[in-house]
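S.K.: So the chains spell out like this:
Protein chains: 2
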Amino acid sequence: MTNQAPGDGFAAVERVMRAQRAVRLFDGRPVDDALIERALRAAVHAPSGGNSQPWRFIVVRDRETKRRLGVIFDELGKQLYGDRAPERTPWQDVPLLIAVCTETDRAQAGASIFPVVQNLLLALHAQGLGSVLTTRWKVREAEVRPLLGLPETLEAHAILPVGWPARRHGRGRRRPIEEVTFRESFGRPWRPDYSGRTGGAS
Amino acid sequence: MTNQAPGDGFAAVERVMRAQRAVRLFDGRPVDDALIERALRAAVHAPSGGNSQPWRFIVVRDRETKRRLGVIFDELGKQLYGDRAPERTPWQDVPLLIAVCTETDRAQAGASIFPVVQNLLLALHAQGLGSVLTTRWKVREAEVRPLLGLPETLEAHAILPVGWPARRHGRGRRRPIEEVTFRESFGRPWRPDYSGRTGGAS
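If you read the protein sequences in the order shown, they are chains R and U.
Going by numbering that gives the first Met the number 0, the residue at position 191 of the first sequence is 190; the numbering climbs one at a time, nothing skipped.
Going by numbering that gives the first Met the number 0, the residue at position 74 of the second sequence is 73; the numbering climbs one at a time, nothing skipped.
Just chain R, with the same shape it has in the complex (with noise of 0.2 Å):
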């Protein structure tokens, strides 16, 4: 019963997993509808509570728009990282942005939200689009909800800058699997058995 995926299909996963960065810095380029369309059209296959889908995207090119959400993300960029903030995304230049907001403030919230957000982070950076992850919208919700016309209902819960990343970004920098992952018990380090004892049918 392993006809739900090839299973040639894992090293294309696994490539495009390992390619994804924060990309925050985009060339100049438009970035297409289409390509946006595609990347939510796989996106949305994302599990959620009881199949909920609670999330709603908004796709933003409005210039004025833009820079404005810019102007927040940055301030509060300062009052968290003061100077060691990241490079810094010209947003009214970015081709597009995504938000993804769900219909209610829901407490799983989280759980019914990021995987979609992760399909679509990887949904674009398999076309070679690059974007970044940004969370911190929640402490000035009062002035974000206007600029995506939100009602009180609805919570931007991530917003995603989109374009054709400026640069190529090397390899991203991970903890080995082994310093965190345990085996029956936290605290138990994980020591793989590849003897085949536990199965091995692949």
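Among these hints, one or two may not hold up.
What the hints assert, rightly or not - Looking from chain U toward chain R, a few residues come up when the C-beta cut is under 7 Å (computed):
1. 15
2. 84
3. 118
Derived from the structure by calculation, the hints contain no laboratory data.
Since we're looking at a predicted model, the values are computed, not measured.
Glycine included, each C-beta is placed from N, C-alpha and C at the ideal position.
Assemble chain U onto chain R, guided by the hints.
M.R.: What follows is chain U alone, placed relative to chain R:
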């Protein structure tokens, strides 16, 4: 600068996203550690706030631990859904569980943990394995914590049962993106511009 990921990777990624299902029933075959390690190595390239990588994974094969977690899960399911609960997973017979935890109860934990959870689900499915995202654990965390050996500083956000799907799953039902996507402002319909005027570099 589209060289971050090969363009032809999109089709493979999309196929895996579309094939992902909530798999709750498994056939009897065991699952080798090597497949889990492979999925984890790919998954940890997910983004997290400030690249904090707050995730900790606990791989559980112990039958008694699985059984006890299953009892909690089913009791919560009955409270949540009554008799309308989805098909019940025989937890003690599932080859293994992966608990995904964070080291501290961070305000933004959802944004930093569910991208890696979604990567993990995709990486498992891409290998033909099945799993389902379960997140209802927090209300019973006093009981869950000792079963996973978690100190007070760790929280279990998700537990993923993993195995070979017992049956072939059909297509997933999703609302068309036209119903959940808007342009510039919530409520304004998304009508993609295929004229190429917005760019079209692909």
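S.K.: The structure should be examined with respect to each hint, and the outcome stated for every one.
M.R.: Hints versus structure:
1. For residue 15 of chain U, the shortest C-beta to C-beta distance to chain R is roughly 5 Å, which falls under 7 Å, so the interface hint holds.
2. Checking residue 84 of chain U against chain R: minimum C-beta separation of about 11 Å lies over 7 Å; hint violated.
3. Using the Cβ-Cβ criterion of 7 Å, the hint placing residue 118 of chain U at the interface with chain R is satisfied: the shortest such distance is roughly 6 Å.
Of the numbered hints given earlier, the model fails hint 2 alone.
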